[in-house]
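Q: Top to bottom, those sequences are chains A and B.
Residue numbers for the first sequence follow our numbering, beginning at 1 and rising by one.
Residue numbers for the second sequence follow our numbering, beginning at 1 and rising by one.
Derived by calculation from the structure, the hints in this document are not laboratory data.
A portion of the hints provided could be inaccurate.
Derived SDA-like pairs: lysine to any residue, alpha-carbon spacing no greater than 25 Å straight-line [said to hold, decoys possible]:
| # | chain 1 | residue 1 | chain 2 | residue 2 |
| --- | --- | --- | --- | --- |
| 1 | B | K55 | B | I266 |
| 2 | A | K540 | B | R156 |
| 3 | A | K540 | B | K55 |
| 4 | A | K540 | B | Y254 |
Here chain A is said to cover these stretches of chain B; the calculated rule only asks that three of the stretch's residues, wherever they fall, bring their Cβ under 8 Å from a Cβ of chain A [to be verified]:
| # | segment |
| --- | --- |
| 5 | 122-136 |
| 6 | 157-167 |
| 7 | 213-222 |
| 8 | 273-284 |
Glycine included, every Cβ here is placed at the ideal spot set by N, Cα and C.
One-letter residues, chain by chain:
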Amino acid sequence: MRNFPLPWSTTAQGGAVHADEVRIRTPWVLLMALAVSLLGLAHAPSTLAQDAEAVVLLEALDVDDYAAKGEAIDAIVSSDDERARDWLQALLDGRLQRTDDGRFVVVLDNRGRDWPVENALTGEALGEMSRRELERIGINNALRNQLRSALAVVDLYSPDLERRRASAERLLGEVDDDLSGPLAEVIEEATDDRVRERLSLALAIHRLEQGELEAVAELEGSLHPEVRVALNRAAQGDDPVLATSAGEALRGIEQTLKLNRAAETLYFGLSMGSVLVLAAIGLAITFGVMGVINMAHGELIMLGAYTTWAVQQLLPGQPGLALILSIPAGFLVSALAGVAIERGVIQFLKGRPLETLLATFGVSLILQQLVRTVISPQNRTVVTPEWMSGSLAVNDALSLTLNRMAVLGFALLVFVGLMLVMRRTRLGLEVRAVTQNRAMARSMGIRATRVDILTFALGSGVAGLAGVALSQLTNVGPNLGQNYIIDSFMVVVFGGVGNLWGTLVAGLSLGVINQVLEPWAGAVLAKIIVLVFIILFIQKRPRGLFPQKGRAAEG
Amino acid sequence: MQSRSWLLRPFSERSTQLFIGVLLAALALVTVLHLAVPAGHPLNVTAYTVNLFGKYLSYALLAVAVDLVWGYLGILSLGHGAFFALGGYAMGMYLMRQIGDRGTYGDPVLPDFMVFLNWESLPWYWQGFDMAWFAFAMVLLAPGALALVFGWLAFRSRVTGVYLSIITQAMTFALMLAFFRNEMGFGGNNGLTDFRDILGFSLRNDATRLGLFIATGVALALGYVICRAIVVSKLGRVCVATRDAEARTRFLGYRVERFQLFVFVISAMLAGVAGALYVPQVGIINPSEFEPIFSIEIVLWVALGGRATLYGAVIGAILVNYAKTVFTGVMPDAWLFALGALFVLVTVFLPRGVAGLLAYRFKRQRRSSDDTATPQEASA
């Protein structure tokens with residue numbers, strides 16, 4: 001039995017309860033257990049004293065008097081029974097129920113007419129039971145609060161570190177007089193820094209509520225919402241000295257919060273921008289080299305995303321491996337599709353860029369409808385591997401989702417990779433030569449057709465990579481590409497054709513601009529504003545942010 | 001040079017005579033078959049079909065408008081759907097106001113969707129749309145004003161080629177997003193619908209539908225003649241010169257952007273008229289008309305029919321939309337395949353469209369040398 005006083009105990013007076021008082025009830029419990037087993041109400045398979053004791057503990061819950069129920073909860077907490085936590089949780093959720101014949105069960109799923117249940121004592125599954133055979137052990141709001149704090153304290157002693165941390169987290173703003181004493185002890189003994197920090201904060205909030213001026217200093221700089229609530233209350237309180245210092249602390253916190261919010265907006269903006277960069281950079285290459293608008297670029301992105309989905313279907317249960325494998329797979333699938341488009345359509349339309357636009361639009365319609373017919377018009381979900389889900393908490397107000405960070409990193413990697421291809425390889429050299437002056441490049445012995453095919457494959461492959469990345473952020477559906485094509489064009493046009501840096505800067509800045517506008521104007525209006533901005537921008541600088549200079553610009 | 005009115009000049013051409021003749025004959029034929037042939041007779045044209053033809057004709061007018069800028073000016077506008085929709089919305093607003101207190105909520109002034117959104121009074125831009133002359137003026141002015149502002153900005157800074165195509169697409173996309181918003185006051189994604197009557201005639205009457213069909217046919221004829229008149233004038237020659245060699249035309253001393261702007265605005269207004277005639281026949285206008293795909297589809301009609309011929313645009317619009325009606329009725333899934341294939345096949349194998357095919361067939365008979373020269377792509 002734990003020897004710390006139970007703050008919520010109805011027997012507790014002013015927080016000074018001794019363990020003995022709890023222990024006093026034990027003989028009664030034993031007696032009752034005996035009585036109960038004699039009456040044949042206990043259906044537990046074993047008649048061990050421990051189970052009997054447990055039955056008595058639960059039995060005490062099934063009374064009409066809420067005060068008595070409260071005491072029964074205390075008793076369960078003070079018992080060393082390892083099932084205590086599950087019982088309390090089940091009781092809190094309304095899943096601790098009693099059958100017609102008096103057994104205690106935990107309902108596992110309370111949907112439908114028949115509920116699967118398990119024995120509360122043994123944990124053995126009892127199959128399904130009709131809801132009519134069961135009776136819930138009711139609780140009221142006071143008990144609910146008691147249960148919550150009880151669970152938190154029980155967890156503080158859990159051997160599981162994660163559970164201790166979560167419990168400390170929950171206690172913020174929940175501390176009252178009864179809890180403050182024992183908490184101080186727990187803090188002394190706590191081995192984990194995080195638990196200690198959280199509990200001290202919880203205690204400081206409590207002390208602030210008691211009107212202690214020193215508590216303000218301790219709370220200063222914390223970004224937790226509960227701290228702000230407490231400081232706010234203190235700032236509006238009666239004590240003028242406390243109110244002033246709380247107000248000051250609050251202002252400091254608000255300042256930090258503002259910075260955090262800006263950082264968050266920037267992060268979301270960069271993340272959105274990185275998606276735009278990924279989607280647009282392939283387009284920038286093909287457009288730059290061949291002067292060709294590939295309207296099917298969005299569908300090549302879609303193909304990449306579907307490849308991810310397909311690879312995951314082939315490797316069930318290994319989403320991480322599947323995702324890594326789909327990077328080359330997505331590249332290849334889209335690159336092959338791109339080559340097919342180039343050989344099948346675009347090569348016949350040399351020198352007619354507007355016709356190419358129309359023809360590739362036709363290809364995009366066919367690809368979309370193909371996916372709808374062959375796979376499904378419905379969206380497919382791609383599983384995010386564990387190491388990419390969740391988020392990285394920088395502080396209490398700012399946490400960065402890992403999948404977006406991964407996409408951001410991936411986009412930068414792809415960018416650097418493309419940069420290297422363009423700057424350091426033979427292909428890159430030839431591509432740049434053809435971009436600048438096709439005729440001259442050809443007369444220098446560069447096989448322009450071959451360069452066209454390879455460029456198109458490269459640009460399309462990058463679209464496939466974009467699709468792989470996108471599958472981690474949005475649903476994969478036939479319309480995926482359509483949603484990005486106009487944005488990608490905007491990025492290319494904004495950044496300037498044939499300039500990878502331009503695409504990077506344009507994509508990231510458009511993403512950030514969009515995110516900055518969004519809270520102020522709403523998502524749709526923000527998008528409209530960005531579009532109008534680009535339309536106006538084109539008037540000022542028809543060749544984008546970073547126009548090509550020299551003779552190439554006249555091509 | 002010529003004493004005759006500029007509007008009558010195209011009639012000296014064989015192609016115009018032929019086109020207007022065929023169009024008027026078709027109008028008359030449909031009217032007769034609808035009115036005089038008893039229902040149930042195989043030759044009878046039902047009210048539904050008349051309505052459908054009316055829709056095709058408004059699309060044809062839209063295609064003519066696109067052909068004017070794409071065929072003769074070299075501007076591939078991927079945003080003409082926006083002008084069409086704006087004209088449609090102007091007409092829709094007039095029709096909305098005509099409903100009066102017959103709406104579901106019975107408010108004499110506010111359209112149903114505004115009552116639903118708890119709006120207190122009519123927004124300022126809805127004022128005046130209860131008067132037909134004002135609404136019909138707006139059918140021309142709203143798209144015209146947008147084209148004027150947009151074109152002035154674009155042509156002044158010499159945005160051409162694919163860049164222009166992309167920003168026209170962005171324009172219609174932005175407008176679509178805007179019109180989807182309920183706060184805009186145009187009915188959000190439901191758009192404007194439940195129309196009752198136009199100029200006092202009930203829209204549910206077969207006679208009104210026939211009237212609208214004929215009106216659309218006449219508008220198409222008029223629009224065609226106007227475009228033709230522009231094309232055969234000196235202005236039109238400058239346009240073709242701009243299309244084929246913009247820089248050279250500029251060096252010859254023409255203010256290219258002014259010609260472009262003028263023709264672009266005319267084309268937008270024609271598209272607006274087409275939209276205004278489309279809406280009462282279809283009974284609804286919503287933001288989906290702003291979708292970029294619709295605007296690209298219009299270009300396909302023109303490409304299929306044959307660029308820079310005007311009558312080719314009409315043929316293309318009717319052919320594609322007839323195919324669409326048939327396909328979506330019989331096998332809806334196949335339509336997008338067919339449309340996609342059309343895009344590819346027409347651009348690769350039929351660069352001059354159906355009209356080009358016809359011209360090739362009847363090459364020997366065609367002695368009169370009108371200016372249906374092969375459009376040369378200005379290098380982008």
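Q: Tell me whether the statement that chain A covers the segment 157-167 of chain B is true, taking a Cβ distance below 8 Å and needing three residues at minimum.
A: Contact hint for the segment 157-167 of chain B vs chain A: holds, 9 residues under 8 Å.
Q: Can you confirm whether chain A covers the segment 213-222 of chain B, using C-beta to C-beta distances below 8 Å and requiring at least three such residues?
A: Coverage by chain A is violated here, the residue count being 0 at a Cβ distance below 8 Å.
Q: Straight-line Cα separation of A:K540 and B:R156 no greater than 25 Å?
A: holds, 10 Å
Q: Hey, B:K55 versus B:I266, does the alpha-carbon distance stay inside 25 Å?
A: Holds, because 21 Å separates the two Cα atoms, which is no more than 25 Å.
Q: Using C-beta distances, would you say chain A covers the segment 122-136 of chain B, given that this needs three or more residues below 8 Å?
A: With 0 residues closer than 8 Å to chain A, the segment 122-136 of chain B misses the three-residue bar; violated.
Q: With a cut-off of 8 Å between beta carbons, are at least three residues of the segment 273-284 of chain B near chain A?
A: violated (count 0)
Q: Mind checking the alpha carbons of A:K540 and B:K55 for me, to see if they're no more than 25 Å apart?
A: violated, 40 Å
Q: Given the proposed pairing of A:K540 with B:Y254, does the C-alpha separation stay at or below 25 Å?
A: holds, 22 Å
Going down the numbered hints, you'll see the structure goes against 3, 5, 7 and 8, while the others check out.
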